[in-house]
Each structure stands twice: as structure tokens, then as C-alpha cells.
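Peer 1: Based on the hints, put chain R in the right spot on chain E.
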Amino acid sequence: MEILVLAKQAPETAEADLEITRDGADVEREDLVYTINEWDNYAVEEAVRLKEAHGGEVTVLTLGDEEAEDVLRRGLAMGCDQAIHLNDEAFLGSDPASVVRAMVKALGERRFDLILCGVQSADQGQGQTGVLLAQALGLPYASLAVGLKLAEGGLVVTRELEANTLEEVALPLPALVTVQSGINQPRYVSIMGIRKVRGMAIEAHDAEGLDLAGQVGPAASCLAARRLALPETGAGAEILTGGLDAVCARAAGIIREKGGRK
Amino acid sequence: MSGILVIAEHRQGQLRESTLEALGAALTLIPAVGGEVVTALLADEPEALAAPLLTRSPGLRLLAHPELKEYNPEFYLPALADLVAGMAPALVLLPHSSQGLDLAPALAGRLNLPLVTDCLGLDWAGGALTARRLIYGGKVVESLTLKPAATVVATLQAGAFAPTPEGVAPAPESVRLTDLAPRHPRRFLRQLAAAVEDVDIAAAEILVSVGRGIGGEDNIPLAQALADALGATLSCSRPVADMGWLPKSRQVGTSGKTVRPKVYIALGISGAFQHQAGMKGSQTIIAVNKDPRAPIFAVAHYGIVDDLFKVLPTLTAAVKA
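Those protein sequence lines, which keep their order, are chains E and R.
First residue of the first sequence? That's 1 in this note's numbering, and the numbers climb one at a time after it.
First residue of the second sequence? That's 1 in this note's numbering, and the numbers climb one at a time after it.
It is possible that part of the hints are untrue.
[Claimed, not checked] Chain R stretches covered by chain E per the calculated footprint, using a threshold of three residues with CB under 8 Å from any CB of chain E:
1) 275 to 289
2) 305 to 317
[As the list claims (entries may be wrong)] A short, non-exhaustive set of chain R residues, derived as facing chain E with CB atoms under 10 Å:
3) Ala85
4) Ser98
5) Ala149
6) Arg183
7) Leu230
8) Lys320
[Claimed, not checked] Quick list of in silico lysine-lysine cross-link-like pairs, DSS-like style, CA-CA up to 30 Å:
9) Lys149(E) - Lys69(R)
10) Lys280(R) - Lys320(R)
11) Lys69(R) - Lys147(R)
12) Lys248(R) - Lys149(E)
13) Lys51(E) - Lys290(R)
14) Lys105(E) - Lys147(R)
15) Lys310(R) - Lys320(R)
16) Lys105(E) - Lys51(E)
17) Lys290(R) - Lys320(R)
18) Lys248(R) - Lys310(R)
19) Lys262(R) - Lys248(R)
20) Lys248(R) - Lys280(R)
Simulated from the structure, these hints should not be mistaken for lab results.
Virtual Cβ for every residue (Gly too), placed ideally from N, Cα, C.
Chain E on its own, in the form it takes in the complex:
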């Protein structure tokens, strides 16, 4: 089974104190720690598990700067066999449709039985790339997979709906599936593991080589402008202040009173 998995780099922001640049165009990136997008990590793990179960090869593809190569090395360390890097400043400011255009060009005549990627990214969270790529390649697809198995002469995908509900859909292969977080428990990647794959070749592409001049970046984007701001805090919570003991005593009092635990 030949599998392609898309993975991008994203900053870890769950614990980060984010600031906006003075021009409002971006977040301050200096202190941010980058890693593989959480959803894509699940997708890579799922791809490698399918390979381990059914044979074949996994190719991991990213679009991003030099640093994004870490995502590919990480993927190779997890068990991917090939890596493709779309790396060009011209790709900066591309909208998802342009990103997909670049991917389609880079893939050329290559065909895969299955393409996997995360449902969305931890930074922009647009949730567009996977399904757009399926459309561009003319593939059947399913999004939000929390389960995936080969059956029914193709693939049976368990999709996560709202309110603790799931649905199963059947897809013929080849197909594209976007993977929801929690579908598996991704394996741990050690520094040693990444060292072992440092000699593996990475196939690199730039915009010119892919004949994408004018078809990527801000000029080709559907966006005219983008401004960032920190959310207004509004009324929000009453922050309990004082020493730790006093704060906790106050909180305990509130919980007992409001929770009917006198």
C-alpha cells in the first residue's frame, strides 16, 4: 500500500504567552517552539501503522521553510520511507488553494493508494487543505477520521460527528482521509531516532521548478488583508488574589456554597 501523508510545522501555543507584532500582521515568533502539527502527528502515525500492517511505503510531504525539514526528519524517524519538501519564500502567504496547487504540481504523475493528513492545523485551523487536495486530485475522501480500516473492498472510515456520535462511511481506494486527534497514540520519537535518518535524502522543490510563478503567495491568495489581535477579555472571571492559602480557602468556600456542599 503506497501512502502519502501531509504534515506541517506549527508552533506549540497551548502554554505559550502569545504577543502580536506591532503591525498586527503576525504573532511574535521569536520565543515560540515549533513542532509537527498535532493533527498531522496522528496522521503520520496512522500511515506508518497501515504500512506496518499491510506493507508498502509511506511518503511524507511538507510545505514550509528550512526549519520545516524537522517535520520530515521526524516523519522518517517514525517510519516514513520518502520525504518531499516544498520550500520557497514564494510560498509564504499562500492560501490553502495555492498550497494545494503547489502540492499537486510537486506530486506530478505519482499516485498513492491513500493520502492522509490532519483535520486542521494548530495555528490557522482552517481545515481546508486535505479536502481541497482530494478535489484537486479527483479522489473520494472523508474527513474527521477517528478510525480507519481496510474492509468492504476499500476503506471504512469512522468519522467523528457532534455530541458523542460517530458515523461509518465506505470509500473505494485510492482515497484521501483527514485524521482527527486521538485516532491513535503516536509513537515517541527519540533524538537517536532522528539522528539515524539524518542521512536520508529529501526531495526538495521550489516554486520556479514547479512552474508556479504567480500561482502561489499573496498575489494568488483569496485574501486581501489579514489583521491579528488578542481577544478582548470582556467581563470575564473575577481573579482571586492573595496568598495561595487564602486563594484556595476562598475557592473552597465558593465551591461548597455553589455546589451545595455545606
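Peer 2: Positioned in the frame of chain E, the structure of chain R alone reads:
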């Protein structure tokens, strides 16, 4: 191009509330956009589902076909492609749901239309759409202004727009579709209920809820100790269930459970929108987080800005005192 097309959503024989929210957004925008608001309801028997729309949507297009009983993009897409081509709306609105997330990029891709997803706010000025959305897990607000385009597709975050009240009573236009050609044989197999549960978190009076900040499975007993001292139930946010630190049945949020306890204690939960949607109806919310700007504090009534691992033992002791 003018007018707004709203794509209705239904599941298990019920029109979904998110449809009325999308319609509310459309009716708010329509004076600026111009033209008419039309809701498209695709189903095997759309008349049976249309009641809430009859008194709300100025235009109503009921598209009937046996294959539209359950959502399946292979049948939705050809029907909607024809509808969008015929109506040429300025805007197409869908809920940002498991269906909208599946359908909107495919529709936009197939018709080569710009798409903006998971919007919290929409403005229309000078023929261009500006969408407000949350990024970086709800920590940053992004305003995107799109280049003018014939038709723009947007998906709307659940709960972000007020559902439209009853009012107009249009005459729906029913169309029985005869020829819906899927490009691929994606098939709906079945809907599954949630897995068997050890405990029903929705029934708890007090929930002690842990998030990513709890750091690992080994620290769960710290939160359990607080829950035990209070006679409370332990619940969690999505990352905790994803990482297997607590079972999925304990997950609060859009894809998990909606809870409304007397007291909800959020420990190390940053408060992404999908989590807030599942707990903001709680009577009293107390949040503990070391990031004073964590989105959870916007919905909490009381906040403690401190290290969770300092607060937990002290709070447990205070509760027992």
C-alpha cells in the same frame, strides 16, 4: 452577484440548530449584501424537516432525492454545484460542523470559490467579506478580508451567531432531483452511538475537569483527590482524552458531552471554543490556569492564575478543612 445561500443541516430526522444560526447570520448580512436569502434543504423527504424554516427563511429550496437521506458529499456536491451556478449568490454559508468541514472545501474546490472557515463574525462592505475567526487555540483573533469574488463560501462556528427567530412565511420551492451523478462511490454505512460509559459526566453536580496542563496520566490522581473530597466527578478536555489519560466518555466539548453542573472546576484547560461550547452553561465556573490570558477566563466566573500543581493540593486540603 447577490443574495445569500444557506445550506441546511439535518441528522436523524431533525433539522440541526446550527442551520438556524447560519440563517440568522445571513439575515443580518443581507441588507449589506443585497438580494435574497435562500435556504437549501437537501433530504430524501425535505418537506418533513422543513417546518422550522417555513417561518424563518425568506427563500426556501427543498431538494429531494432518495440518496440525500444521510449526508454524503458525493450527492450533495452535484446538487449544490447546480444550485450555486443557477443562483449565483454572493455568499454561501454553512455551519462549521462535521458536515460543513467535510462539504465546504469540496464545494469551494469544485467550483473554484474562495473559502473562509470557522467564522465568529462576518461583515460585508464594498463587495468584500471580512471574517473574524479565532486561531492558535482561541488565543488570537484573526480578521480576514477577502478579495472581491463572484461567490464566497464561509463556514460558521457553532454558537457564534444567534439563531433567527420566527417571522416570515415563504412558499417553499420543491424540486425533486432526478439525476445526481456521484463522482465516487463513497457510501454512508451507519451511525454509531457513543461507547459504553463508566460514568455519566452530564449528571454530575460538581465536575473537576482536567486539561493538557495536568501534564500526564500520572498526575490524574491529584485531580481525583480533589474530586473525592468534593464528592465530584472527574471530566476532561479533548487533549486529555486524545492522549488516553482519561476515557473518551469523560470528554467535555462539541464532540464530547455538553455539561451544566452547579460547579465546573477547570484545571489546566486553556478553553478552546470547542471546549467552551460544552461547559459554558455551568452555573459556576472556576478556572485554574497559569496563563492569565487563557480563553477559559473569559467564560469563568472565578479564576486562579497560578501553577496547577501548587493549587491542587492546597485546594484539596482547603476543601477538607
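Peer 1: Checking hints one by one. Is Ala149(R) an interface residue toward chain E, by the C-beta closer than 10 Å rule?
Peer 2: holds, 7 Å
Peer 1: Keeping to a limit of 30 Å between CA atoms, is the pair of Lys69(R) and Lys147(R) held or broken?
Peer 2: Violated, at roughly 36 Å.
Peer 1: Are Lys310(R) and Lys320(R) close enough, with their CA atoms no more than 30 Å apart?
Peer 2: holds, 16 Å
Peer 1: Is the hint on Leu230(R) kept, meaning its closest Cβ partner in chain E is under 10 Å away?
Peer 2: holds, 6 Å
Peer 1: Does the nearest C-beta of chain E fall within a distance shorter than 10 Å of the C-beta of Arg183(R)?
Peer 2: Given a least distance of 7 Å, the restraint on Arg183(R) holds.
Peer 1: Lys248(R) and Lys310(R): Cα distance at most 30 Å?
Peer 2: holds, 27 Å
Peer 1: Between Lys262(R) and Lys248(R), is the straight-line Cα distance small enough, at 30 Å or below?
Peer 2: holds, 22 Å
Peer 1: Tell me if chain E covers the stretch 275 to 289 of chain R under the three-residue, 8 Å CB rule, please?
Peer 2: holds (count 5)
Peer 1: For the restraint on Ser98(R), tell me whether the closest CB of chain E is nearer than 10 Å.
Peer 2: holds, 4 Å
Peer 1: Is the hinted pair Lys280(R) and Lys320(R) satisfied, with a Cα-Cα distance of at most 30 Å?
Peer 2: holds, 27 Å
Peer 1: Given the hinted pair Lys51(E) and Lys290(R), is their Cα-Cα distance within 30 Å?
Peer 2: Answer violated: Lys51(E) to Lys290(R) is near 41 Å, above 30 Å.
Peer 1: Would you settle whether the hint for Lys320(R) is holds or violated, based on the nearest Cβ-Cβ distance to chain E being less than 10 Å?
Peer 2: Hint on Lys320(R): holds, closest Cβ of chain E at ~9 Å, below 10 Å.
In this structure, the earlier hints numbered 3, 11, 13 are contradicted, and the remaining ones agree with it.
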